[in-house]
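Trainee: Given next are the chains, with one letter for each unit.
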Amino acid sequence: MEMSDAAAVSRARTGDADAFRLLVERHSPMIFRVAWRMTGNEHDADDVVQEAFLRAYRQIDAFEERANFSTWLHRIAVNCALDLLRARKRADAHYGGDPEAAELIGVLPGSEPQQDRLLISSEMKDAVAAAMERLSGNERTAFMLRHFEGMPVEEIGKTLGIQVNAAKHTIFRAVRKLRESLEPIVRTTTRTQCT
Amino acid sequence: MHLNEEQLILHHYHDDDAPAAAEQHLAACAECRAQYQLLRSVLALVSEAPVPELGPEYGSEVWNRLRWKLGRQPRVRRAVWIPAVAAAAVLAIVFVAGAWWHSRTSQQQHVTPQLASTTSTGAMQVAANAPNTSAQGDRFLVLVVSDHLDSTERMLLEVANADPKKSLDTSASQKRAEELVASNRIFRQTATQRGDARIASVLSDIEPVLLELSHARNNLSGEELSSLQKRIEARGLLFKVRVVSAKTGETELPPMSKGTNSL
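One line per chain: the protein sequences are A and B, in this order. Just so it is clear: in the first sequence, position 128 is 128 by this note's numbering, and no numbers are missing. Numbering-wise, this note's numbering comes out as the position in the second sequence, counting from 1, plus 1000.
In case anyone wonders, no lab produced these hints; they're calculated from the structure. Mixed in with the good hints, there may be bad ones.
As the list claims (entries may be wrong) - Some chain B residues well away from chain A (every beta-carbon gap over 12 Å; in silico):
hint, residue
1, 1001
2, 1030
3, 1064
4, 1146
5, 1151
6, 1158
7, 1163
8, 1174
9, 1204
10, 1230
11, 1234
12, 1236
13, 1245
What the hints assert, rightly or not - Pulled a few chain A residues facing chain B out of the computed Cβ check, cut under 8 Å:
hint, residue
14, 32
15, 53
16, 57
17, 124
18, 171
19, 176
Each residue gets a CB set at the ideal place from its N, CA and C atoms; glycine is no exception.
Kindly produce the complete structure, drawing on both the sequences and the hints.
Mentor: So this is what it looks like as structure tokens:
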């Protein structure tokens, strides 16, 4: 029978490397998806995955057994990604908006590939990436957590260290920006499909 | 009374207090229904952009990169991003100086070979401030990357030549590794943006090793050292770094404008 997360955490606390390995192998893809949606960059996402598991390992004694390990780890990963984005933002600030020189934080949000999904063109992917780039760090994170992770607004507020109402309005702003950028494409596509 | 955008967003995410009322209104109001459909289409488009596919071995790969770091007792240490933050702060200072310098030299329509000897942090700035004409910009990039590659090669050599039967003292090199990770990341992204796949690829290959060295405590055990040496050898990292370094050494400096004076 497969070991549960709770059992693996208990054993990892006693120094059982195989138990922690099981947690790493089980949760890495999920953490990567979160990290990638937030950073939009595979290398950064890999770094976040590494850092998240390192932090989890170091803080595993602080994990409450009644809690859900996946949720706990998820929050650590989000914090790691936020740290990275904040560091990147500082680096970006001094480039004065020069797109050639700036470190671009392109975010291409996504979800699990499914067979029955419509394939979107590379132009649309670019448009989505450009639209996501218009979002601030908080807007990107709040939107990602609500849209892709289904995290409740209250939880998003806690994660970002802001009030619930502020979290809600951050999501509103993010969606509004996305609509402004992507509605023309959606309208064009709809018209094309109708004709 | 129509549903406003915020109400439509709340309804979409099932965050509204009265979903039944919203449903009723949408059923009755064509205008709101059209707006709601548009919103859903936009969000569906965002959802369609795919996440890079991970192989079935991804979890094992993550574990293999982590395992040697976990042989120690857990401890609280400073965040890995601090070097990047520090690098960013330094970059901000250098930017002001770089902008002044760039402006001054542009006015003189003059480019000097002294660029190649700038510090790695200054070099990053020069790479970013380099002329946007691709040929000239690429030459600047390889010039400033060469210093970084030299430092990286020295660090890789220290690891590759160390005796795996003994532990390796990394207390002096850990800080340097952190700085190299920060600068490597910036150079890699600059190379990618400028379309220099060769440099970007090498920088991408060496980054995980630098990252592991930056995470090392005061020393690497023989086992950890051996694992790292195998990775350096298996990926031919030293060879790749030397090849790129050699090619950057062949790169000519941007030509000086006619009629200008040297400093």
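Trainee: For every hint, state whether the structure bears it out.
Mentor: Hints, one by one, checked against the model:
1. Every beta carbon of chain A lies more than 12 Å from that of residue 1001 of chain B, the smallest distance being close to 19 Å; the non-interface claim holds.
2. The beta carbon of residue 1030 of chain B sits about 15 Å from the closest Cβ of chain A, which is more than 12 Å, so the claim that it is off the interface holds.
3. In this structure residue 1064 of chain B is not separated from chain A by more than 12 Å, as the shortest Cβ-Cβ distance comes to only about 10 Å.
4. The non-interface label for residue 1146 of chain B is consistent with chain A: the shortest C-beta to C-beta separation is roughly 19 Å, beyond 12 Å.
5. No beta-carbon of chain A comes within 12 Å of the beta-carbon of residue 1151 of chain B; the shortest separation is about 20 Å.
6. Its beta-carbon lying about 22 Å from the closest one in chain A, residue 1158 of chain B satisfies the requirement of being farther than 12 Å from that chain.
7. Every beta carbon of chain A lies more than 12 Å from that of residue 1163 of chain B, the smallest distance being close to 26 Å; the non-interface claim holds.
8. Non-interface call for residue 1174 of chain B relative to chain A: holds, since the shortest CB-CB distance, roughly 15 Å, exceeds 12 Å.
9. A beta-carbon of chain A comes within 12 Å of the beta-carbon of residue 1204 of chain B; the shortest separation is about 7 Å.
10. No beta-carbon of chain A comes within 12 Å of the beta-carbon of residue 1230 of chain B; the shortest separation is about 19 Å.
11. For residue 1234 of chain B, the condition that its CB be more than 12 Å from all CB atoms of chain A holds, with the nearest at approximately 18 Å.
12. The Cβ of residue 1236 of chain B sits about 20 Å from the closest Cβ of chain A, beyond the 12 Å cut-off, so the non-interface label holds.
13. Against chain A, the non-interface label of residue 1245 of chain B holds: every CB pair exceeds 12 Å, the least being about 22 Å.
14. Interface restraint check: residue 32 of chain A against chain B, minimum CB-CB distance 6 Å, threshold 8 Å, status holds.
15. Of the supplied interface hints, the one on residue 53 of chain A holds, with its beta-carbon coming within about 6 Å of a beta-carbon of chain B, less than 8 Å.
16. For residue 57 of chain A, the shortest C-beta to C-beta distance to chain B is roughly 6 Å, which falls under 8 Å, so the interface hint holds.
17. The beta carbon of residue 124 of chain A comes within 7 Å of a beta carbon in chain B, closer than 8 Å, and the hint placing it at the interface holds.
18. Here the hint on residue 171 of chain A is kept, as its CB sits about 7 Å from the closest CB of chain B, short of 8 Å.
19. With 8 Å as the threshold, the beta carbon of residue 176 of chain A comes within range of chain B, its nearest partner Cβ sitting at about 7 Å, so the hint holds.
When held up to the earlier numbered hints, the structure conflicts with 3, 9 and fits the remainder.
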